[in-house]
Amino acid sequence: MFLKKKPMWGEKKKLKSSYDVVLIGGGLHSLATAYYLAKDHGITDVAIIEKNYIGYGGAGRNTAIVRANQRTQYNVPLYNEALKLWPVLTKDLDYNLMFNNCGNLNLMHSEAAMKAARMTIATAQFHGVESHLIDAKEAKELVPALNISEDITFPIHGAMFHPPGGVVRHDAVVWGLAKGAAKLGVEIHQQTEATGINTQNGRITGVVTDKGTISCKQCLVSAGGYSAALINGFLGIKLPISVLTIQAMVTQPIKPLLDHVVSSGAYHCYANQTLKGEIATGAHMDQWPNYTTLNTAHYIKHQAEALSEFLPALRGLRFMRIWGGLADMTPDMAPIMDGNDQYEGFFMDCGWGYFGFKSCSAVGKHMAAFMATNECPEILKPFNLKRYQEHKLMGETAALVNYTPDN
Amino acid sequence: MALTLTCPICGERNGYEFRYGGEEKGPRPEEDGLTPEKWVEYVHMNECKAGVQEEWWFHRDGCGSWFKTFRDTTTNLEQKQEG
Ligand SMILES: Cc1cc2nc3c(=O)[nH]c(=O)nc-3n(C[C@H](O)[C@H](O)[C@H](O)COP(=O)(O)OP(=O)(O)OC[C@H]3O[C@@H](n4cnc5c(N)ncnc54)[C@H](O)[C@@H]3O)c2cc1C
Ligand SMILES: [Zn+2]
Numbered sequence: 063m064f065l066k067k068k069p070m071w072g073e074k075k076k077l078k079s080s081y082d083v084v085l086i087g088g089g090l091h092s093l094a095t096a097y098y099l100a101k102d103h104g105i106t107d108v109a110i111i112e113k114n115y116i117g118y119g120g121a122g123r124n125t126a127i128v129r130a131n132q133r134t135q136y137n138v139p140l141y142n143e144a145l146k147l148w149p150v151l152t153k154d155l156d157y158n159l160m161f162n163n164c165g166n167l168n169l170m171h172s173e174a175a176m177k178a179a180r181m182t183i184a185t186a187q188f189h190g191v192e193s194h195l196i197d198a199k200e201a202k203e204l205v206p207a208l209n210i211s212e213d214i215t216f217p218i219h220g221a222m223f224h225p226p227g228g229v230v231r232h233d234a235v236v237w238g239l240a241k242g243a244a245k246l247g248v249e250i251h252q253q254t255e256a257t258g259i260n261t262q263n264g265r266i267t268g269v270v271t272d273k274g275t276i277s278c279k280q281c282l283v284s285a286g287g288y289s290a291a292l293i294n295g296f297l298g299i300k301l302p303i304s305v306l307t308i309q310a311m312v313t314q315p316i317k318p319l320l321d322h323v324v325s326s327g328a329y330h331c332y333a334n335q336t337l338k339g340e341i342a343t344g345a346h347m348d349q350w351p352n353y354t355t356l357n358t359a360h361y362i363k364h365q366a367e368a369l370s371e372f373l374p375a376l377r378g379l380r381f382m383r384i385w386g387g388l389a390d391m392t393p394d395m396a397p398i399m400d401g402n403d404q405y406e407g408f409f410m411d412c413g414w415g416y417f418g419f420k421s422c423s424a425v426g427k428h429m430a431a432f433m434a435t436n437e438c439p440e441i442l443k444p445f446n447l448k449r450y451q452e453h454k455l456m457g458e459t460a461a462l463v464n465y466t467p468d469n
Numbered sequence: 008m009a010l011t012l013t014c015p016i017c018g019e020r021n022g023y024e025f026r027y028g029g030e031e032k033g034p035r036p037e038e039d040g041l042t043p044e045k046w047v048e049y050v051h052m053n054e055c056k057a058g059v060q061e062e063w064w065f066h067r068d069g070c071g072s073w074f075k076t077f078r079d080t081t082t083n084l085e086q087k088q089e090g
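For the record, the sequence lines run as chains R and C.
Each residue of the first sequence is one higher than the last, beginning at 63 in the numbering used here.
Each residue of the second sequence is one higher than the last, beginning at 8 in the numbering used here.
Hint data in this document are derived by calculation from the structure and do not stem from the laboratory.
Even for Gly, the Cβ is constructed at its ideal location relative to N, Cα and C.
Careful, some of the hints might be misleading.
[As the list claims (entries may be wrong)] Here are the computed lysine-lysine pairs in the PhoX-like style, where the Cα-Cα straight-line distance is at most 20 Å:
(1) K300(R) / K32(C)
(2) K87(C) / K75(C)
(3) K45(C) / K448(R)
[Claimed, not checked] Taking CB as the label site, the calculated pair distances span:
(4) T42(C) / N436(R): 25 to 33 Å
(5) S211(R) / E38(C): 30 to 38 Å
(6) T42(C) / S211(R): 54 to 62 Å
(7) R67(C) / S79(R): 29 to 37 Å
(8) Y23(C) / Y115(R): 28 to 36 Å
(9) A328(R) / T42(C): 48 to 56 Å
(10) E44(C) / G104(R): 32 to 40 Å
(11) E212(R) / E38(C): 33 to 41 Å
(12) R67(C) / G327(R): 15 to 23 Å
(13) G327(R) / Y49(C): 45 to 53 Å
(14) N436(R) / P34(C): 36 to 44 Å
(15) E452(R) / P34(C): 39 to 47 Å
Build the full structure now, drawing on both the sequences and the hints.
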């Protein structure tokens with residue numbers, strides 16, 4: 063019963079020599095874009111080219127956290143739309159995405175952090191996103207397992223509480239979107255590697271793959287952490303991206319303890335309890351660019367130390383599984399979405415770092431509209447590549463992040 | 008994966024003693040006739056090579072040297088250059 067030969071997203075088709083649209087990478091962003099190209103715009107002559115299998119990249123490795131409490135006026139509305147789409151997609155795709163809007167608690171460990179949180183909360187509230195500042199006692203009431211004593215490395219001063227956020231089952235999103243897109247006619251070609259993009263007179267003419275060359279009018283590169291290397295390799299377009307391994311792990315399962323996503327910038331640690339009872343937890347990125355996707359003893363120890371300080375009930379638990387994936391980081395911690403600029407018909411959607419899961423639903427919708435109409439939707443305009451040379455970096459981070467030579 | 012780097016003064020040391028300083032991009036562009044395109048290329052743009060790249064490191068928790076080395080970004084292994 064479980065080993066049906068036919069995958070959920072349809073019979074394996076033979077790769078054609080031509081499609082209207084080719085999407086490179088079988089992650090969340092390609093799948094969502096394909097789904098909305100077909101659903102909203104009736105564009106179904108679409109092929110997704112995936113080197114490994116759908117969900118091989120960040121799509122199947124992320125820690126599934128969704129929220130809309132970002133820092134700038136460009137980002138908050140986009141993520142808010144994405145957050146509101148989970149229940150809609152669950153219905154439309156007829157697929158249980160297991161959205162658990164348990165709320166996010168972002169711990170603050172200094173008065174300066176509390177001040178910064180006030181600004182972020184004001185931005186959220188201005189955009190109609192629920193977000194509150196709470197003090198340490200209130201945080202303890204929400205999450206009794208929190209250690210609010212003063213004798214830890216980073217005592218808790220309070221928290222930014224964002225009730226509508228939570229977790230969504232990431233694999234279900236991959237499978238649901240793949241099923242939805244395939245049903246509408248999109249072809250998903252796994253084990254097919256894109257090796258080049260052909261251009262002529264400033265236009266895209268096709269995509270070269272290890273299974274043959276495909277001619278197309280439009281091509282999107284949304285290959286997660288691999289995008290920057292592919293775009294530079296195929297078209298010689300360099301991007302302001304650094305690719306770093308980011309690690310995650312889960313503990314052995316325990317009885318219900320945490321019913322929020324708890325995160326801490328100072329401890330570089332976030333945690334939530336899965337429906338299976340495991341504590342799923344993630345750390346910061348490696349401190350230097352690499353494509354290894356391997357775990358390090360350094361971070362496993364870091365994670366254990368951080369968790370046993372602010373959630374001391376977890377002391378003595380064992381990590382059961384560990385894994386890593388790629389984060390493609392930009393200097394302003396905001397993504398790059400662009401099209402028809404460097405080449406007619408060339409689109410890119412990358413630089414999603416560790417926030418490409420929570421955004422994929424809304425981004426797919428808008429990238430599809432961009433490709434279908436060749437008009438960039440207002441909401442995507444600030445995210446173009448030119449912003450770096452125009453020095454219009456977004457303020458998603460107060461200071462540049464720690465992998466550039468500048469700090 | 009762990010990383011060992013060779014500081015020109017201190018020799019082979021644990022990678023966590025160092026801070027990454029970016030891809031080697033050649034000299035800072037001349038101010039004369041500098042365009043936003045050239046400047047952004049120098050300041051922000053990367054090749055993000057999956058393979059051996061030349062890059063800068065700073066021996067932060069050591070002697071304070073800045074130096075260049077070659078490293079394979081897919082294995083985190085430093086590539087010793089002969090001669
Ligand atoms: C450990 C971890 C935790 C994370 N946690 C969160 C989180 O809690 N919330 C959140 O919002 N985001 C999170 N993220 C980020 C998120 O997972 C990514 O931003 C997002 O998945 C990337 O976009 P994608 O799914 O479209 O691409 P990916 O899933 O990364 O897909 C890229 C695909 O491209 C394929 N590919 C590569 N080269 C080629 C080629 N030449 N030809 C064809 N195909 C190719 C790969 O095989 C891969 O399947 C996390 C990431 C990691 C690694
Ligand atoms: Zn040294």
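Do the hints match the structure? See the list:
The hinted pair formed by K300(R) and K32(C) meets the criterion: a straight-line CA distance of about 12 Å does not exceed 20 Å. For the proposed pair K87(C) and K75(C), the alpha carbon gap of about 11 Å is at most 20 Å, so the pair holds. Only pairs whose Cα atoms come within 20 Å are accepted, and K45(C) paired with K448(R) is accepted, the gap being roughly 13 Å. Checked against the given bound of 25 to 33 Å, the beta carbons of T42(C) and N436(R), roughly 28 Å apart, stay inside it.
Distance hint check: the CB atoms of S211(R) and E38(C) are about 55 Å apart, inconsistent with the given range 30 to 38 Å. Against the hinted window of 54 to 62 Å, the Cβ-Cβ separation of T42(C) and S211(R) comes to about 56 Å, which satisfies the hint. Look at R67(C) against S79(R): about 54 Å separates their beta carbons, and that is not inside 29 to 37 Å. For the pair Y23(C) and Y115(R), the beta carbons lie near 34 Å from each other, so the given range of 28 to 36 Å is met.
For A328(R) and T42(C), the hinted distance range of 48 to 56 Å is not satisfied, since their beta carbons lie about 41 Å from each other. The hint said 32 to 40 Å for the Cβ distance between E44(C) and G104(R), and at roughly 39 Å that hint holds. Distance hint check: the CB atoms of E212(R) and E38(C) are about 52 Å apart, inconsistent with the given range 33 to 41 Å. Taken as a hint, the range 15 to 23 Å holds for the pair R67(C) and G327(R), whose Cβ atoms sit roughly 21 Å apart.
For the hinted restraint 45 to 53 Å between G327(R) and Y49(C), the CB-CB distance of approximately 30 Å leaves it violated. At about 40 Å, the CB distance of N436(R) to P34(C) agrees with the hint of 36 to 44 Å. Range check, E452(R) to P34(C): Cβ separation about 24 Å, and the 39 to 47 Å hint is violated.
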